[in-house]
Structure formats: structure tokens, C-alpha cells
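Protein chains: 2
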Amino acid sequence: MKKNINIAIIGLGNIGSRLYKEIISKKKDIGLKTNTNINIIAISAKNIKKKRSFKFRKSIFFKNPLDITKNSKVDIVIELIGSSDGISKKVVESALKNKKHVITANKALISKHGDNLTYIAEKNRVNLEFEAAVGGGMPVLRTIKDGLATNKINKVVGILNGTSNYILTQMQKTKKTFKNVLKEAQKLGFAEPNPKFDLDGSDVLAKIRILSSLSFNKKISKNICLKNGIESIELKDIDMAEKLDLRVKLLGITEIINNKLFERVHPCLIKKDSYIANIDGVMNAVILEGYPVGESVLQGEGAGPGPTSSALMSDLLSILRGNIKFPFGIPSTKRKKIISYDKNLHSNSLYLRFEVKDKPGVLSQITKQLATYKISIERLIQTPDHKMKRASIVIITHKAKELNSSKCLKSFKSNKNVLKLPTLIRLF
Amino acid sequence: MKKNINIAIIGLGNIGSRLYKEIISKKKDIGLKTNTNINIIAISAKNIKKKRSFKFRKSIFFKNPLDITKNSKVDIVIELIGSSDGISKKVVESALKNKKHVITANKALISKHGDNLTYIAEKNRVNLEFEAAVGGGMPVLRTIKDGLATNKINKVVGILNGTSNYILTQMQKTKKTFKNVLKEAQKLGFAEPNPKFDLDGSDVLAKIRILSSLSFNKKISKNICLKNGIESIELKDIDMAEKLDLRVKLLGITEIINNKLFERVHPCLIKKDSYIANIDGVMNAVILEGYPVGESVLQGEGAGPGPTSSALMSDLLSILRGNIKFPFGIPSTKRKKIISYDKNLHSNSLYLRFEVKDKPGVLSQITKQLATYKISIERLIQTPDHKMKRASIVIITHKAKELNSSKCLKSFKSNKNVLKLPTLIRLF
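Chains as they are written, first to last, in our numbering: chain A, 1 to 428; chain B, 429 to 856.
Quick caveat, the hints were computed from the structure, so don't treat them as lab data. Treat each hint with caution, since some may be false.
Okay, derived cross-link-like pairs now, DSSO-like style, lysine-lysine, Cα gap no bigger than 30 Å in a straight line [said to hold, decoys possible]:
hint : chain 1 : residue 1 : chain 2 : residue 2
1    : B       : Lys431    : A       : Lys271
2    : B       : Lys764    : A       : Lys2
3    : A       : Lys2      : B       : Lys431
4    : B       : Lys604    : A       : Lys222
5    : A       : Lys272    : B       : Lys764
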């Protein structure tokens with residue numbers, strides 16, 4: 001006898017609509033794999049009248065999603081509203097407290113409130129699943145929790161934002177400016193109307209916090225991290241990278257250094273022929289360093305209704321198979337806080353681009369200033385722009401301490417020959 | 429209260445010994461993740477007296493592994509003997525029949541008897557887990573079963589044999605001959621003393637059969653497949669590939685064509701800058717094409733005690749977490765046989781290398797013969813060896829039917845100007 005399981009979907013945008021159809025079309029397959037008989041008995045969205053790509057009985061539509069979370073017939077609630085607080089948080093909390101399993105794609109919610117939500121889920125003995133929050137169709141959370149279950153993971157490096165990666169790839173391939181590529185991306189649906197969090201590194205940082213917590217079995221960190229986005233990357237930088245046999249990629253990196261957590265998100269210059277430099281467009285990739293497994297790599301489409309619904313379905317099947325698990329791998333009460341590594345101690349080779357007035361003594365001012373902050377130069381390329389009486393000076397440095405480099409860059413603010421704050425990209 | 433679970437390890441070679449130590453050292457971590465208290469209460473190997481890297485109480489050693497499978501205290505049996513029949517098959521069968529969960533790394537056993545063993549496991553409501561049978565530390569089976577759970581997978585392409593890949597990579601990088609590289613690989617432990625099944629494609633085929641069955645939800649195929657190994661690849665071919673901006677890789681490929689199953693293993697020539705061409709050394713990689721997820725890639729170390737024990741531990745945790753699952757994703761009785769695609773219908777561009785006597789008319793004989801079998805030439809490179817009065821003729825063909833190309837190649841047997849059976853590598 002198949003067990004009847006009732007599902008609710010809250011939020012019916014692109015992802016929710018696709019998932020609705022996916023669940024209906026895979027009902028038989030799911031029944032076979034999990035010995036259950038599933039039904040979508042409740043849905044909710046802002047507007048019942050909005051034109052949708054599927055039909056539904058009016059009777060399953062709930063105006064107030066919180067009513068769904070209290071409905072005794074509902075077994076699983078799938079939250080697809082988004083945003084870290086407000087109604088999405090209320091929905092997930094209420095569902096868990098009412099002993100419903102919860103599936104969510106909401107990385108902002110999990111990275112901010114994941115610890116508390118996990119605690120509530122464990123207390124009520126229900127699942128809280130969030131595979132779709134990180135890496136789209138790439139099942140990286142499941143891989144860490146199950147496939148690499150007892151490995152000691154030391155480091156995770158990833159390309160985790162499709163929008164940023166698409167823009168960097170297009171700039172490199174088409175030689176169009178950041179602005180123009182962004183406009184195109186928005187037209188194609190690869191960038192949101194307000195892409196701030198995708199471009200400034202916030203989206204990647206939310207994902208990195210989830211990955212850290214899961215990989216290192218610690219509470220989700222709340223610390224201020226090294227976070228730069230791609231907004232200051234110009235075509236000049238992409239071209240210069242090409243000349244140096246490098247590529248620019250926005251990376252999220254988390255690792256343990258001396259028992260401290262070092263999380264960071266920033267553009268990196270990476271050797272052109274390396275694996276990670278060749279992850280193009282909206283693709284995501286993650287490199288995990290674990291013991292005893294060695295290096296593991298996952299790659300897959302990072303966003304969009306197809307990949308995201310694939311991840312949501314993997315969560316659904318995990319619940320239907322009866323795999324009650326700790327959301328973060330070990331019990332909530334055993335996950336400790338972890339101290340942050342002082343980012344100022346971190347050393348990195350740097351790519352610095354200065355836009356300067358083309359007049360005598362400017363280069364000397366720059367090199368002197370770098371020396372003052374103990375930043376030594378490995379390579380220097382000066383490109384004049386005679387018409388504008390300007391020049392670009394690109395400097396590749398030897399390893400420099402984060403503290404020194406940030407102080408040094410700030411010091412150029414008062415130098416009137418330096419026309420704008422220098423662009424900094426760290427070498428990987 | 430933690431549940432007590434008793435484990436037996438049968439087979440204490442490199443893998444078994446490493447796993448023994450891994451389980452002991454991770455006991456606390458496992459307890460945390462699964463709420464169990466595990467103990468290794470039985471081990472078995474050919475020779476109790478062999479010097480080992482760990483100590484054990486004599487009382488847990490069983491001379492006859494079958495006694496372990498009948499021991500009422502044992503909950504989980506881990507079989508690490510290897511080989512498709514004989515004692516390993518008896519151990520696994522007996523353990524399942526006695527309602528013990530079984531974990532095995534034995535791809536030969538699973539690819540040959542997997543259907544029947546799965547049936548026995550399901551009947552006795554125990555798990556049969558074999559993540560370590562395919563892809564070493566790369567959790568590809570778990571990814572298909574869980575991470576991509578309801579995707580419709582259409583094609584799987586993989587580098588699945590570390591020994592072959594190591595040899596091809598070393599030939600390319602060091603310009604040493606097949607024989608010399610093989611000898612070195614054996615010294616380094618990357619090739620077994622008898623490497624036949626690694627080099628002739630049998631090992632990859634066993635893995636491909638398991639992947640097919642799991643990806644397409646069908647019984648394991650028993651059909652004769654297109655299977656070539658790397659034994660006939662010479663340094664000449666590697667060098668020529670380099671000139672053509674290609675690389676030689678041994679690929680396993682399985683796909684559905686017109687509802688029929690097409691499984692094959694053979695060396696391929698792949699564009700030098702493609703992802704798969706850059707999987708070097710003992711690394712394994714798999715590319716899955718699924719709907720709706722799109723293309724998914726996994727990469728990881730393919731063999732050795734570290735990666736293999738990582739996979740075995742993921743199986744162990746799956747059982748300890750209580751995830752009773754169908755070994756091949758859906759119930760045994762629902763997995764149907766699948767008809768094989770006729771390999772003779774398959775078309776491929778070919779790389780052909782002829783070693784010929786350097787005298788007039790030979791080239792004309794070859795091209796005429798190819799034309800007879802409707803194989804048209806895209807590119808031809810003749811390299812003379814004046815001293816030996818010989819020549820190498822490399823031909824890249826347009827797409828040719830498998831039936832025609834195999835008949836054509838055989839036809840050269842009777843041509844005395846052709847000094848050996850031509851080397852064939854398919855273009856990917």
C-alpha cells in the first residue's frame with residue numbers, strides 16, 4: 001500500500017510554476033521510487049488571477065500562506081517566496097512548528113536564520129531541506145552530507161553566481177562593456193531587474209556561509225567577511241587578464257586556517273588553462289578538498305527553473321524516502337560557533353590598476369607608496385592614452401598582506417594624479 | 429540512546445585495512461551524524477598472520493567468512509574480496525539472505541549478478557550499497573539516485589579507469605612508450621600486476637553497465653558491447669593526436685537511442701581544450717545529461733584506498749541513517765530488460781593509422797578499399813620512414829558506419845603491403 005503524502009507549494013513564480021508541473025508529471029516515477037502517492041493539495045501566491053502556465057482547482061488556492069502551514073492535511077511545505085525575512089520566514093517557522101517537512105530554495109533565509117530553523121526542525125522531528133539554495137542543479141549540499149559523509153573537508157572553492165559569471169564570460173568573449181553586457185543579461189533573464197546582490201558578492205557569500213557550516217560542522221557564521229563584487233571590473237581588466245594568460249572569475253572561498261574560519265568572496269585572476277577558469281556563462285562549479293577523498297569537483301547549471309526544480313525534487317524524494325536527517329549533518333546542539341580568521345592577516349598577490357594623469361613623477365609616487373606599505377612589485381605595465389593625457393598602470397605584486405594593501409589603496413585617495421580608486425583583483 | 433550496530437569487514441587488503449582504520453577513527457563523528465554506536469565485531473581475510481597496519485583482537489577474526497554472514501550479532505557486512513563469482517558472491521548472497529545490510533566495492537560482482545542480488549536484498553528488506561564500485565571517491569551513484577533523483581537521464585560519458593587514464597596521460601606528457609609507462613605505473617601502484625581488465629576496457633564496461641541500469645531504470649544489460657581497450661595505442665598515435673590538437677582518452681559511454689540501449693567503451697580522440705580531454709592521471713570524471721537539470725559534471729580521484737574508503741563510508745552512513753532504499757533506485761520487479769541498439773548502425777568519424785611498405789600504389793590500394801566500404805577521407809597524413817622502407821598513413825574519415833569500418837579494417841588482413849592491422853580510434 002502506498003502512503004499518501006500531501007504537498008503545498010507557496011510562491012508560484014518561475015520556479016514554483018515549473019515545480020508544480022514537474023511534480024504532476026513525475027507523480028508515477030516518484031511513486032515507484034518512494035512507495036508514496038503524492039498530491040499537491042495547497043498552493044499560494046500573491047495573486048490568484050495572474051496568468052499561469054498551468055491550471056489548478058480554485059479550491060486548493062490559499063490567500064494566506066500561513067493557513068497552509070497550520071492545515072492538518074499538509075505533510076510537506078515548499079517555500080519559494082524568497083527573501084530572508086518577512087512572510088517567507090514566518091511560513092517556514094510556522095510549518096516546522098506544525099510538524100511539516102519544509103523544502104526551500106531560499107539561501108538568504110537559510111544563511112541568516114538557518115541555525116534557528118534547524119533547531120526548530122530537529123525539535124519537531126521534521127526535515128528542513130535546502131539543496132536548491134546553493135548551486136542550482138548541482139547537488140553540492142547532498143554530496144557533502146551523503147556522498148562525502150565522513151570526509152574531513154578543509155576547503156571549498158566555487159563559482160556560485162550565474163549572473164556574475166555570465167557577465168564576466170560575455171565581457172571576455174564579446175569585448176563589450178560591463179554595462180552593455182549587464183543590459184543584455186537582463187533582457188535574456190540571466191540578471192534580475194535589480195541585480196545588486198548578484199553583482200556585489202552578497203549572493204555568493206550567503207551560499208558560502210551555508211557551505212562552510214555544512215563542510216566544517218559549525219554554526220553559520222555571522223562575521224563580516226572579505227566581500228567584493230564584480231561592479232568595478234572594466235573591459236580593460238578583462239583585456240589585460242587575457243594578455244597575462246589569466247581570466248577573471250568571481251570566486252567564493254571558505255577554508256579553515258589554524259582552527260579559524262576564513263570566508264571570502266571576491267574576483268580572482270586565475271590561470272587561463274585551469275579548470276575553474278573555464279567554467280563559463282551561467283555554469284556553477286565547486287571544488288572540495290577533503291580527506292581521505294582528495295579533490296572532488298562538481299559542475300552544473302547554477303540557476304533557472306530547470307536546474308532549481310531538479311534540486312527541489314531531490315529534496316522532495318529525500319523526505320518521501322523517509323530519510324529524516326539533521327539539516328546540517330550533525331545535531332544542532334553539537335554545532336559550535338567558530339572564530340573568524342583575521343582577514344587582515346591574509347596574504348595575496350595582487351593585480352592593481354591605476355588610472356593616472358600622464359605626467360612626470362606619477363609612477364614614482366605610486367611605486368614609492370607601495371614600498372611604504374611593503375608591497376613589492378613583480379610586474380608593471382604602463383599603457384598611455386595620449387589623447388586624454390592619461391595612462392593606465394597595471395601592477396602585479398608579490399604577496400601582500402590584506403591590511404597593508406587596503407591601507408595602501410586608501411592612501412591614494414589624496415593623490416590628485418590618481419584619477420580614481422585603483423581597481424584591485426586578487427590572484428588565485 | 430544510541431543504537432548499537434555491529435559491522436563485519438571481509439577482505440583486508442589495501443582497501444579493507446584502510447577502511448578498518450577509518451571506521452575506528454571516525455567512530456565519534458559517525459555516532460554524531462547517525463545516532464548509532466558502531467563496532468567492528470568480525471573480520472576475515474585469507475591469512476590471519478599477514479603483517480597488517482593495524483592491530484585487532486584475535487577473537488574477531490573468522491577463518492570462514494560465511495560464518496560471519498550467519499552470525500546473528502552482525503548487522504552490516506562489508507565485502508572487499510573482489511571478483512564476480514566464487515567466495516565473494518557466496519558471502520554477499522548469504523549475508524543478504526540472513527538479513528544483513530551489505531556494502532561492496534565489487535563492480536565485477538554487481539555488474540554480473542547485481543539484478544539477482546538486488547532482488548534478494550529487497551526481499552529481505554536490507555540495503556545493498558555499492559558506491560565504491562564506480563568512480564572511486566566520486567559519489568556518482570548517489571548523485572544519480574538522490575541528487576538528480578527524478579531527472580530523465582539520456583546520456584552518461586565518463587573517464588572511469590584510473591590505470592588507463594594514467595598511462596595515456598603519461599605517454600602524452602613524457603613521450604615514453606606504452607610498455608615503459610605501464611611498467612612505471614605498476615611500480616607506483618597505479619596498475620595491477622595483471623592489468624588486463626583495466627587496459628582492455630572490461631573494468632570500464634562493468635562500471636558503464638551499472639551506470640546504465642541506474643540512469644535508465646532498467647535491468648543490467650548482458651549484451652555484447654562495443655569494447656576496445658588502450659593496448660593498441662602507440663606513442664605515434666599520441667603524437668599525431670597532439671599535432672591535430674586532440675587527446676586520446678578511454679571513454680565509457682552509455683545512452684538511449686530510439687528506446688534502445690547503446691553502451692560502449694573505446695579510446696576516443698577529443699579536442700585538446702575540452703573539459704574531458706583535461707582529466708589527467710588517475711582522475712575520474714563523469715558527464716551526465718539530464719532533464720531538467722541540464723549537464724552535470726562530477727570529478728574525483730578514481731581509485732586507491734583513500735577515495736575508495738570515502739565511498740564505502742558514504743554507504744555505511746546511508747545504512748546507519750536508516751535510509752532503506754532500492755539498490756537501483758526503483759523496485760527490482762519494475763526494472764525491465766532493455767533491447768540493445770545495434771552497434772553496427774552507429775556512425776563515427778575515425779582516425780585510422782596504417783603501417784605500410786613504402787612502395788608505389790599502396791596509398792591508392794588503401795583509399796580504394798576505403799571507398800569500397802563507403803568511407804570517405806577528410807584528411808590524410810603520410811609520414812615516411814625511409815630507413816625501414818616503411819610509412820605511416822594516418823587518415824581521418826568522415827562519419828562511417830561501424831559495420832563498414834570493421835569490415836573494411838578486416839579486409840586489410842590479406843593486403844601484404846599493410847604491415848599490421850590498422851589502429852582505429854574514434855573521434856568524439
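Straight-line Cα separation of Lys764(B) and Lys2(A) no greater than 30 Å? holds (21 Å)
Given the hinted pair Lys604(B) and Lys222(A), is their alpha-carbon gap at most 30 Å? violated (54 Å)
Given the hinted pair Lys2(A) and Lys431(B), is their Cα-Cα distance within 30 Å? Judged against 30 Å, a Cα distance of about 28 Å means the pair holds.
Lys272(A) and Lys764(B): Cα distance at most 30 Å? violated (47 Å)
Hinted pair, alpha-carbon criterion (30 Å max): Lys431(B), Lys271(A). Please report holds or violated. violated (50 Å)
Violated hints for the displayed structure, listed by number in ascending order: 1, 4, 5.
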